[in-house]
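Go by the hints and put chains B, U and R onto chain E.
4 protein chains.
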Amino acid sequence: MPDVIEKLVATFLRFPGIGPRQARRFVYHLLTQNSGAVENLAKDLLALKKQIGQCQSCYRFFAATEASAQSVCDLCQDPARDSGFLMIVEKDADLEAVRKSSEYQGRFFVLGGLLPILEAEPEKKIRLRELQTRLKASPGQLKEIILALAANVEGDNTADYLQKFLAPAGLKISVLGRGLSTGTELEYSDAATLKNALKNRS
Amino acid sequence: MPDVIEKLVATFLRFPGIGPRQARRFVYHLLTQNSGAVENLAKDLLALKKQIGQCQSCYRFFAATEASAQSVCDLCQDPARDSGFLMIVEKDADLEAVRKSSEYQGRFFVLGGLLPILEAEPEKKIRLRELQTRLKASPGQLKEIILALAANVEGDNTADYLQKFLAPAGLKISVLGRGLSTGTELEYSDAATLKNALKNRS
Amino acid sequence: MPDVIEKLVATFLRFPGIGPRQARRFVYHLLTQNSGAVENLAKDLLALKKQIGQCQSCYRFFAATEASAQSVCDLCQDPARDSGFLMIVEKDADLEAVRKSSEYQGRFFVLGGLLPILEAEPEKKIRLRELQTRLKASPGQLKEIILALAANVEGDNTADYLQKFLAPAGLKISVLGRGLSTGTELEYSDAATLKNALKNRS
Amino acid sequence: MPDVIEKLVATFLRFPGIGPRQARRFVYHLLTQNSGAVENLAKDLLALKKQIGQCQSCYRFFAATEASAQSVCDLCQDPARDSGFLMIVEKDADLEAVRKSSEYQGRFFVLGGLLPILEAEPEKKIRLRELQTRLKASPGQLKEIILALAANVEGDNTADYLQKFLAPAGLKISVLGRGLSTGTELEYSDAATLKNALKNRS
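So the protein lines, in turn, are chains E, B, U and R.
The first sequence begins at -7 in the numbering used here and counts up one residue at a time.
The second sequence begins at -7 in the numbering used here and counts up one residue at a time.
The third sequence begins at -7 in the numbering used here and counts up one residue at a time.
The fourth sequence begins at -7 in the numbering used here and counts up one residue at a time.
Same shape as in the complex, but just chain E (with noise of 0.2 Å):
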């Protein structure tokens, strides 16, 4: 096979959840789609690094204007967020997904992954000092820092650690709530789901 069927086969094959089946169907797909329909994927992809910032407040992506050059993205800089509540959440997509909840109008940071147990050096798997950089910019502000991750063990591991690194703040530190969540049965749930559904009935 030709090396830039190999070289783009190779490249799928790093997409997440794609395997050396479905990379090569890829490749396939796009030679059986017209040459302008290819440019413009092209096209698209240069345009995706040049027109998406990471915002240095918190990290998520944003649609940077040109002619600012802006550093730091819209809902760091909206006025009617309030800058009293910093939800740490793992990703981008956990972002998006609690904004279109429309409950939550505090501020946010994107802490770029979880910690594995027994991780030796967290400051390479999380952003902990860009986290630290985070807090301090915002001196006296902030009332509460809301951890909002994967209710699994590296979620679990990652909240605990960060509630030691960020004692010395002195900060409120809250975890989103257990209970069922939607589609649950009661049959298939282990306790702590069914100790907190019960806890926080209402």
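The hints are simulated quantities; they were obtained by calculation from the structure and are not laboratory data.
Small disclaimer: the values here were computed from a predicted structure and weren't measured.
A few of these clues could be false.
Which copy is meant is left open, because identical chains are indistinguishable; a pair holds if it fits in one copy or across any two.
Below 27 Å or equal to it, Euclidean Cα-Cα: the simulated DSSO-like pairs (lysine-lysine) are [what the hints assert, rightly or not]:
# : residue 1 : residue 2
1 : 92        : -1
2 : 41        : -1
3 : 35        : -1
4 : 187       : 116
5 : 135       : 164
6 : 164       : 187
7 : 128       : 42
Quick look at chains B, U and R alone, frame taken from chain E:
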């Protein structure tokens, strides 16, 4: 195929989650067992309906001791359980899950099902009369009814129906708290789950 | 949980493809059935081992008529079947699949299993002695033995073993043809399948 | 969300087997890559349509050397391949699977699709005119046309159609043999597969 095989296939087909192919594999499995094993299964099945009674107070299945031919189960008779709380669950498996979580020390009531949306005859789907009888049986004791139903459309519909059905009793009625259940990732959570997780943060 | 429930859960756990959760659901399913239905199941189970015999010639299960207490099944006795062909299958379900295809009119022999690679005691896994007895029972009649085993590693290993095991008999031995089976796409076919599909083109 | 992200999500949505959630994950994946990696992907995409041509004889995709700007692929030009055989496949991936099996040394023709039942305009779905042109291009050489199509309803329908379409040419036309494909168990095989496996036994 011989009649008895087809009859057993038909019976196994009514087992939850079993299709024709697996029903037939069950029969072949039994054929390869020795006679003693199959006779023991038959004996256990006959014992099941004799040894297991249905509690006439909470409607869960329980091991009835032959001497007393009791009609009320050990949980309903246990003086250590708090008669101030009555948790309404859909089925025995849900009740067992709650018991395993070791948090709840009140009484139970097994509803026997959930109500589909627009169900015309709710009293044929769930134990409404039995529930009323149960409530009348403990006047003055009850402080709270906890609706512990699945976090899905039918569970919510049943909870709504029961709220209205139980309103005349003037008791406090609560539902299990929603939130992130163990294993849930924010990215894949719906707005209702995230709102409740935020509200129930701690 | 009562003993009889746990015993039944343990029994259902040995059913093919059944895990602990589903085994327990089976028991709850039976508890919600009326007594008559469960008694009928117990009766059918007892009838199964009485009414279904194992043919002492081909080792398939069959409905034994009580009068004769016959030991040889209808297929083995059927004069319309061609005793010149003996098809060796792994199990009853395979034999039934071949019968349904209505193509084969010879005799059968049920091996009772397949041989794992490097199996030390083949005679404990498959009916080798019974097969030898079967071959001696019809001297001179047999023209061809057809190995109709699964097209996988264990099936191939068993076929290889039987080829050597049966070689002294000096009979023609064939194996089922490989090729594209219904539903197969070329893209996902392995080299062996494609080679045979090409060889067997028509 | 910024336009360029939504445009890329829409493009990835058209990739085979990709839903909205995974399309978006692809874009986030690209955002976390460094600029060089994304630029390389864009470059490879542009190279793809330039370096890969579509053979004007067999219609497979192939690496065109720039100097010659050749229009016929290496397989079609390879003198070691037997021009007496033409295998008709649905798509490039099928052709590659056959090549990997190392059995077939004839020529290929890529049909570009399969015909649904009752397709009104077959010439718009598969390369019928191109096939006729291909046949006229090698008068006298061809001994056999091998229809190597999927063993499913559309594959069979296409084979039936091509048999009639190619009949006037008076050439031998064969289809790939059916039988047990690697991994198949008899119990789960349909009658057509078993009949052919029996017919093609060896």
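Going down the list of hints, with the structure as the test:
no.	hint	result
1	92 - -1	between (37 Å within a copy, 20 Å between copies)
2	41 - -1	both (21 Å within a copy, 14 Å between copies)
3	35 - -1	both (19 Å within a copy, 11 Å between copies)
4	187 - 116	neither (35 Å within a copy, 31 Å between copies)
5	135 - 164	within (7 Å within a copy, 34 Å between copies)
6	164 - 187	both (23 Å within a copy, 20 Å between copies)
7	128 - 42	neither (29 Å within a copy, 52 Å between copies)
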